[in-house]
Structure formats: C-alpha cells, structure tokens
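*Asks:* Here the protein sequences come in this chain order: A and B.
Straight run, no breaks: the first sequence in the UniProt record's numbering ends on number 209.
Straight run, no breaks: the second sequence in the UniProt record's numbering ends on number 209.
What the hints contain is simulated information worked out from the structure, not anything from laboratory work.
One or more hints might be untrue.
Unchecked claim - Here are the simulated SDA-like pairs of lysine to any residue, each with C-alpha atoms no more than 25 Å apart in a straight line:
hint, chain 1, residue 1, chain 2, residue 2
1, B, 18, B, 35
2, A, 18, A, 65
3, B, 18, B, 42
4, A, 18, A, 56
5, B, 18, B, 38
6, A, 18, B, 137
7, A, 18, A, 5
8, A, 18, B, 139
9, B, 18, B, 4
10, B, 18, A, 137
11, A, 18, A, 41
12, B, 18, A, 139
There are 2 protein chains.
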Amino acid sequence: MRISELAAATGVAVATLKYYLREGLLHAGEARGATQADYDATHVRRVRLIRALTGSVGLSLQQARAILDLVDEPGDDLYETLGSAVSALPPPTAEPDPSEPDPLPHARAAMERLGWRVHPTYAGMAQLDRALAAASDAGLPMTDERLDAYGRAMHDIAGFDLERLPGDDPAASVEYTVLGTALYEPVVLALRRLAHHEIAGRMLHPDAD
Amino acid sequence: MRISELAAATGVAVATLKYYLREGLLHAGEARGATQADYDATHVRRVRLIRALTGSVGLSLQQARAILDLVDEPGDDLYETLGSAVSALPPPTAEPDPSEPDPLPHARAAMERLGWRVHPTYAGMAQLDRALAAASDAGLPMTDERLDAYGRAMHDIAGFDLERLPGDDPAASVEYTVLGTALYEPVVLALRRLAHHEIAGRMLHPDAD
Numbered sequence: 001m002r003i004s005e006l007a008a009a010t011g012v013a014v015a016t017l018k019y020y021l022r023e024g025l026l027h028a029g030e031a032r033g034a035t036q037a038d039y040d041a042t043h044v045r046r047v048r049l050i051r052a053l054t055g056s057v058g059l060s061l062q063q064a065r066a067i068l069d070l071v072d073e074p075g076d077d078l079y080e081t082l083g084s085a086v087s088a089l090p091p092p093t094a095e096p097d098p099s100e101p102d103p104l105p106h107a108r109a110a111m112e113r114l115g116w117r118v119h120p121t122y123a124g125m126a127q128l129d130r131a132l133a134a135a136s137d138a139g140l141p142m143t144d145e146r147l148d149a150y151g152r153a154m155h156d157i158a159g160f161d162l163e164r165l166p167g168d169d170p171a172a173s174v175e176y177t178v179l180g181t182a183l184y185e186p187v188v189l190a191l192r193r194l195a196h197h198e199i200a201g202r203m204l205h206p207d208a209d
Numbered sequence: 001m002r003i004s005e006l007a008a009a010t011g012v013a014v015a016t017l018k019y020y021l022r023e024g025l026l027h028a029g030e031a032r033g034a035t036q037a038d039y040d041a042t043h044v045r046r047v048r049l050i051r052a053l054t055g056s057v058g059l060s061l062q063q064a065r066a067i068l069d070l071v072d073e074p075g076d077d078l079y080e081t082l083g084s085a086v087s088a089l090p091p092p093t094a095e096p097d098p099s100e101p102d103p104l105p106h107a108r109a110a111m112e113r114l115g116w117r118v119h120p121t122y123a124g125m126a127q128l129d130r131a132l133a134a135a136s137d138a139g140l141p142m143t144d145e146r147l148d149a150y151g152r153a154m155h156d157i158a159g160f161d162l163e164r165l166p167g168d169d170p171a172a173s174v175e176y177t178v179l180g181t182a183l184y185e186p187v188v189l190a191l192r193r194l195a196h197h198e199i200a201g202r203m204l205h206p207d208a209d
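Only chain A is shown next, with the shape it has when bound in the complex (with noise of 0.2 Å):
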C-alpha cells in the first residue's frame, strides 16, 4: 500500500508517518521509483504499536523508542528484556539508594510473606514499596490478609497473561508484553471498581430486582 493508504488504515497523517520513519520508529517501505514507497501489514502493526505507546499508554516518543529499540533488538535473555521494557512504562520509580541497608522495606516484606522470587531492584518493587507506604500513612496499611489475597488474585491474573506469551517469537514477546502490562491495568482498575459496586448492591440493596 501507499503511504496516504498506510494513513487511512491506521488512522495517523502522513505527515506524523513521515516524521516516525525520518526518526527511524517506523522501518522504510520498499522503493517503488524515486519518490514512492509500498508499505505492508508490518507497517501497519508498528504504527499502532508507536499510537498505544504514545497514546492510550501515555509515553514521549522518546520513551518509546527505548521499547521499540528492545522489540527490534530483544536480545539473548527474554526475562531480562521483559523486565527491561515494562520498567520503561510509566510510573516511574526512582531507583532504590544501594547504600541504605534495606531500601525497600514494605516491598521486601511483601514478597517474602507471598513466597515470590523477584529482583530486589526489579522496578516493580520501588512502586510497591510507595504504593504500601502510602497506604500505611494513610491509616490503611495492608494486612497480611489482605496481602494474601490480593496476590493471589494478581498471581491467577499473571499466569493467565504468561500462558499466552508467544515466547518463541521475542519481538513479538516484547510487544504483548509491554502492551498487554499497560493496557489492560485500566481495566483492571474498572474492574475492581465495578466488582465492589457489584457486591455492594447485593449486600446493600438486596431486594432490588
């Protein structure tokens, strides 16, 4: 297809679609003569891929060339690059101060209570850490309890998510990967909301038909 075709079909101005392939987000089309260029569906899946990352997911392109570098390139070590490319999604965390003994308390505390082996310095861990320190100055600290359960609930969701993984394609790895972690966490959130709703009319209102 054309690039004015490759415009209609994804929804973003030629013009956006030249700057992403003079800035290299965006692999060249094949020549056709001096001044054309055919363009296919791989075009078409990296425009969308660059439109969610800067889009809906909230990125500068600048932080989406750091995920579209790992999906061209991923590399040799997959769970490495996983974890690389959604540490590169919002929100950012600053990185634990190695010279504090134990930098990341309620994160630490967390992980050994569930029994998961992670990365003390995965990013993941410093947005716990804050996320449970500032539910305990709030006066809602998380309970064992409610930590269990809550894990629980995320491990189903995660080993749901892995199954799918196509881990033979590493590219394509990274793309589901990053998307699939920063799209579906709104969706998550509503869930969650929407499930309490839910559960509350029952316990609240529950002759309404």
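Given the structure of chain A, go ahead and fit chain B onto it with the hints provided.
*Replies:* Just chain B now, with coordinates in the frame of chain A:
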C-alpha cells in the same frame, strides 16, 4: 492536644491546619480560653484523611471536599453514597451521551458476559469502556477468556474488601471505601507487575537459584 501538637502528630504545618479550619474541612477543637483550642484523635484522623486525598490520591482541595461532605453526611442510602464517593475519585470520566442508544458498548457487553448487575451509568462503566476500547484499538482486545479470568480475580479482591466494610458506621464506611479504592489501586498494579516478573522468571530462567 494543642494545634502545634496536632501539627507534630500529623506532619501538617500549623498554617495549613488553620487553613483547613477556616475552610471548614476540619472541625473546630474544643475552646480552651480565648485563643486556644484542644484537639483530639478525631482531628488526627481527619487531617490524615485530607492529606491522603490531596496527597497520594491526587485530588484538589475542592475535589476532596466533595468526598469529605459524604463522610460528614452519608445520607440514608449507603449504597448510593459509596458509589458517589468512588465516582469522585480519579480518573475523571465523561458522562455517557444519553441520546446514544448504546453509549458504552464494550463495558455493557463485559458486564453481560460476567453476569454482574451494575448501574449502567455508574462511573466505573465509562472507565471500563474507555479501557476496553483502547486495548481494542491497539490490536489487543480483551477476549472473553481473559475477561473471565480478570473478572474472577477482581471479584475475589472486592469480596475480601467488602467483608471488611464497617457497615454499621456510615462515615467510616465512606472513608474506608474511598481510601481503600484509591490507595490499594497502585498496590494492585505493582503486584500484577511483580507476579508477571515472578512467573516469567520461573518460565524463562527455570534453573536460576
């Protein structure tokens, strides 16, 4: 305690406490002479609530006031009050267009699939619809199987949360619902990322010690 002690107990500056008092967000202390007042544990708790709403939760004072008003006057229908309080939390969602015959098609289909009975105009519906549409636009639509898995996990969490609702104390119920919704959301998302990390480690690095 004196206002300086309330400041020390909550970590909030005296000038800020006086501002809360003037604005009516914080109830007056008991008068002790012409220029002094005595504060107690109810003031500490209220200041913590205001700080959580305007700090971690990220509300403006005006938005926090809407929630504080519901804590102060929960009204007769706790179910309605809890729904209004949660709807006052971020993210803001546009009202569905009432002239549209099916304004939130993704969310409606999801609730039908899950068999959840919810108000079709509850704010969580617009939130879910937008999240499902974004995932779909990015080429990663929620399948029925994924919706089932996520819905089951969120229903488990919500059941745990609502078993602990202090239902005989409406003000405490509003406070618990608002803070528990907002403050545990970042915990949920961090746990999901860590669960992915943990399972990916076992799948991709099975021999690591």
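*Asks:* Checking each numbered hint in turn, tell me which of them this model violates, lowest number first.
*Replies:* Hints that this structure does not satisfy do not exist here, as all of them hold.
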